[in-house]
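From first to last, the protein sequence lines are chains A and B. With the first letter of the first sequence counted as 1, position 47 gets the number 47 in the numbering used here; the numbers rise by one all the way through. With the first letter of the second sequence counted as 1, position 46 gets the number 46 in the numbering used here; the numbers rise by one all the way through.
What you were told as hints is all true, and nothing was included just to trick you.
What follows is a list of derived Cβ distance ranges for each label pair:
(1) B:ARG322 with A:LEU51: 48 to 58 Å
(2) A:PRO193 with B:SER141: 21 to 31 Å
(3) B:ALA55 with A:ASP48: 51 to 61 Å
Calculated from the structure, these hints are not laboratory results. A virtual CB, placed ideally from N, CA and C, is assigned to each residue, including glycine.
One-letter residues, chain by chain:
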Amino acid sequence: MALTVRRRQARRLGYDLVGVLAFAVMIFPVYWMVSTAFKPGRDILRFDPKLLPSPFTLANFADAVARPFFWTSVRSSLIVVLTVVVISLLLAFAAAVGVARFGFRGRRAFLVMILVVQMVPLTALVIPVFLLMDGLDAVDTLASVIVTYLAFIVPFMVWTLRGFVANIPVELEEAAMIDGCTRAGAFMRVVFPLCAPGLVATAIFAFIQSWNDYIVAYVLLRSPDHQTLTVWLASFTTNRGTDWGPLMAGATLTSVPVVTFFLLVQRYVTSGLTAGAVKG
Amino acid sequence: MCAVPTATDEAAGSAAAALGPRSGTLLTRSRPLRPRLVRSAAPYLLIAPALVVIAAVMAYPMGFLAGLSLQNYGLPELIAHQGVFVGAANYVRLATDPLFWQVVVRTVVFTVLTVALSMALGTALALLMERVSGPIRLLLSGGLMFVWATPVVVAIDIWQWMFDYEFGVANWALTRLHVGNFVHHNWFENPLQGFGIIVALVVWGALPFLVITVYAGLMQVPRELVEAATSDGATAWQVFWQVTAPILRPIFVILLSLSTIWDFQAFNQVWIMLNARPSSSYYVMGVYSYVEAFRVTQYGRGAAVSVVLVAILMMATFFYVRQMARSGELE
Numbered sequence: 001m002a003l004t005v006r007r008r009q010a011r012r013l014g015y016d017l018v019g020v021l022a023f024a025v026m027i028f029p030v031y032w033m034v035s036t037a038f039k040p041g042r043d044i045l046r047f048d049p050k051l052l053p054s055p056f057t058l059a060n061f062a063d064a065v066a067r068p069f070f071w072t073s074v075r076s077s078l079i080v081v082l083t084v085v086v087i088s089l090l091l092a093f094a095a096a097v098g099v100a101r102f103g104f105r106g107r108r109a110f111l112v113m114i115l116v117v118q119m120v121p122l123t124a125l126v127i128p129v130f131l132l133m134d135g136l137d138a139v140d141t142l143a144s145v146i147v148t149y150l151a152f153i154v155p156f157m158v159w160t161l162r163g164f165v166a167n168i169p170v171e172l173e174e175a176a177m178i179d180g181c182t183r184a185g186a187f188m189r190v191v192f193p194l195c196a197p198g199l200v201a202t203a204i205f206a207f208i209q210s211w212n213d214y215i216v217a218y219v220l221l222r223s224p225d226h227q228t229l230t231v232w233l234a235s236f237t238t239n240r241g242t243d244w245g246p247l248m249a250g251a252t253l254t255s256v257p258v259v260t261f262f263l264l265v266q267r268y269v270t271s272g273l274t275a276g277a278v279k280g
Numbered sequence: 001m002c003a004v005p006t007a008t009d010e011a012a013g014s015a016a017a018a019l020g021p022r023s024g025t026l027l028t029r030s031r032p033l034r035p036r037l038v039r040s041a042a043p044y045l046l047i048a049p050a051l052v053v054i055a056a057v058m059a060y061p062m063g064f065l066a067g068l069s070l071q072n073y074g075l076p077e078l079i080a081h082q083g084v085f086v087g088a089a090n091y092v093r094l095a096t097d098p099l100f101w102q103v104v105v106r107t108v109v110f111t112v113l114t115v116a117l118s119m120a121l122g123t124a125l126a127l128l129m130e131r132v133s134g135p136i137r138l139l140l141s142g143g144l145m146f147v148w149a150t151p152v153v154v155a156i157d158i159w160q161w162m163f164d165y166e167f168g169v170a171n172w173a174l175t176r177l178h179v180g181n182f183v184h185h186n187w188f189e190n191p192l193q194g195f196g197i198i199v200a201l202v203v204w205g206a207l208p209f210l211v212i213t214v215y216a217g218l219m220q221v222p223r224e225l226v227e228a229a230t231s232d233g234a235t236a237w238q239v240f241w242q243v244t245a246p247i248l249r250p251i252f253v254i255l256l257s258l259s260t261i262w263d264f265q266a267f268n269q270v271w272i273m274l275n276a277r278p279s280s281s282y283y284v285m286g287v288y289s290y291v292e293a294f295r296v297t298q299y300g301r302g303a304a305v306s307v308v309l310v311a312i313l314m315m316a317t318f319f320y321v322r323q324m325a326r327s328g329e330l331e
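Bound-form chain B, shown alone:
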C-alpha cells in the first residue's frame, strides 16, 4: 500500500475513491490512516445530490399519485390545491366502467402484439445481420442507427404523412401494387386499421435497439457450440432454439421487460398520430389517464388509472431486476 500521508486536503472526499470496494482488506488496512468520519461520510455525500433529485421528482410523486387516486380532485380542488378524500371511490368507479375494461384489454393486446412482433423481427434481423456479407452488414447497421436516432415525435409525423388519406405514399403504393383501391383511404376511420399503423410505427422504432442488442449477444455465443451442433446434424432452426436461445436467455428477459415497459405506457404515438383528439376507441391506458386528468379535469380518476398502469408494470419490472441482480451487476 502506498498509503495516504499526503492526502490531508479537504478534497479528500473524492480522493478516498481510491479505496475500492474491490477489496475488503484494502479498506481495513488503510483505516487508521484517515479520520473515520470523513471516509464513512464521503460516499453518502457523493450520492446525496442524485438521491435528493430522484426522491423529490420520482419517489415523492409516486406516493402523491397513490394518495391522489383516493381523492376527488377536480377543478375547484386544483384551485384550492387540496383534494377531498373519497376512499376507493375512484377505483370502484373504474371497476364498474365498461370503457375502462375495454381500455385495459386494448392496452394489454396492444402491448403483447408490439412486444411479440418487435422481439420476433428483432431476433430475425439480428440473425440475418450475422449471415450477410460485410458491406451489407454495414449498410444495415447504418440504417438502423438512423432509425434509432430519429426522435419519436418526428417518427410519428413521418408515419402520419406516409399514411395521409389524400397524398400519402402508402395509399399510392398499395393501389399501384394492386393490393386494392386505396385512393382516399382513411386508415384512422377504423380503429383496427389505425392501431395496425400505430403498432407498425412502434415496432419500427423499437427494432434498432433490439437488433443491435441481440446481435451483440449473438457475437458472444461460442462458435464451437454452434459448429458442434451443426456437425451433429442439427438444422439451423434447432441450433437457434437448442443452443443460441438458451445462451441469450438473460438478454431476452431484459429486452422483453424493457419492451413491455415502453409499449405498455405508450402515449405519444396514439396522441400525436390522432392530432391530440383520439376517439375513445383509440384510448390506451396512458391516453385514458391523460384524458381523465387533463381534459375532464378529474385528476383523482386519472391518478387511479395511472396506479393500475404502474401496478401491472411492476410485474415486468420484477423479472428485470431479478435478472440484473442474478447477473451480479449489483455487486
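One chain only, chain A, in its complex shape:
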C-alpha cells in the first residue's frame, strides 16, 4: 500500500518536473526579449550571452522611442484600433441580437456565412483588396485598413456575442416588462448589462486582432508616416544589420498593451471558437 502511494508521489513529481521544463521552454523567448531589451549594447553583442540583464539600462527604450516614425506609428495604430473597436462592436452587437432573438428567413444562411467567412485566408485577399482600394484612391489611408479589419473581425464577434445574447433567458425581459418596463427599456436594463462581459471580451478581441495585424497594413499603408506599429517593428533592420537592443525594446513596447488586455479576458476568448463543440 505504502509502495503504491510512494510510486504515485514519484510519478506526480516526475510530471511536475516535465511541467516546469515545458514552462521554461515556452516562456524563454519572451524572457529573452525582455532581458535583451534591458541590456546595454556591449552585453547584447557578446559571444557568451548573460542570462540576466545586469547592469540594467533603459537606453534601448530611449533609442527605440527616438527612432524615426515611432510616434507616428503609435498614433496610426491607436487611431486604427480604436475606430475598429467602436464600429465593430456596434455592427456585431446589432447582428448578434438579430440572430439570437429573432427567427427569420435566411437566418441559418447568415450563420453559415458568418462561419465560412472566418475561414477565408487573409493572405489570399490582400491582392484584390489592394486593387479595389487603389481604384477608390484609398490606398495609404487609415480608412482602407480600418474597413478591411472590420470585415475580418466582425464575423467572429457576431458569433461570440450571439452566444452571450442567446444565454439570457427571454423570461428575464418578460419579468422586467411585467414590472412596467417597455420592451426597449427591458432590453437596455436587462439584456445589455448581462452582455457586458461579452462586449468587453469581443472588444478586446478586436483590439488585439487589429493591433497585431501585419500583412494588411504592410500592403495598404505604403508611406512610412502612415504605417502601423507592427510594420514599423518589422522594418527595423538597416543596411548595417539589426540593432537588437532597440528592436527588442520596441517589441516589448508593442506587446505590452496586448498582453495586458489579453490577460484580462483570456477566459472569454478561449471558449469562443469551440463553444459547444463537445456536445458532438
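Knowing the structure of chain A, use the given hints to seat chain B on it.
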C-alpha cells in the same frame, strides 16, 4: 405573456428582441400585437450593417480575385485600372511552371508538419496539465498565456534574434552543450534548417490556443469513464485512444481545421524572418502569391496562386463547418 401594450416607441426594433427564436409559439401568439412589417424587418435591419461590410470587403473581393486570375494585370493595367482578359492563361502558366509545383509541395509539407507537430505537442501538454500539481498547472497556464498574447511580428523578431548567426543565444547554447560547433552558424543559408526554425516558431506560437482548448475539453470527459477503463486494466495509452480521444473528436476536428487554415496561408513568419527578401527556395504559396503580385507586379498571376490556395483550403473548411452544423451551433 406580459405582452407589449407599452412598446409603441420607435426603438421597438431592439425591443422586439424579447421575442426569442427559443419558442415558435411565442412568436405566433404575440403576432397580432405589433405591426407585422416592423417585426419582420427588424432582424434584417440589425444584421444589415455587418452584412454590408462583410459583403463589400470579403465577398466582393473574393469574386474580384477569381476574375483577376483570368486577366493579364500588370503595371500598365494598374494605372488604367483595367485588366485584359486572357482566359486560363495564368493557370496554364502556373501548371507548367516547375517552381509553382515546388511551392505547392513545400506548402503542403510545411502545413502537414506544423499541424501534426502542434496537435501532438498540444495534446501532450494538455494531458500533462491534467496530471501536474496545482501550482505547476498555474505556472504552465500563465506561461502559455504570455506566449499566446505575444504579437506574431514580435514573436518573429524574437526568434530571429535567438537564431542570429553571430550573437544568437541558440548558437551559443548548442555549442556549449556540445551538440556541435555552431559558432557563426547561419541557420537560413540552408532552407531545410531555415524552415526547421520557422516550423518551430509557428508551433510555439500555436501551442497555447491548442493546449488550453484541449485541456478545457479534457475537463469535460466524465471521470467515471476513465476510472472504469483503468480498473478494467487499460493502460494510460489505451485510455487515451479508446476513451478520451473519441469524446474529444469534435474538438480535434475543429482544431485540425483551424490549424490547417492558419498554417497553410503562412506569410508573415517567412517574410519577416527573411527580412522581406526570401530566396525562391523559401517560397510558400502565400509568399509566392505576394511576390508575383507586388514584386513582379503581375497581379493576375498572383491572384491565380491565391485562388489555388483558397481552393485547397476550402476542403479543410468543409469539415469544420460540417462539424459546427452537427453540433447544433447553427440552431
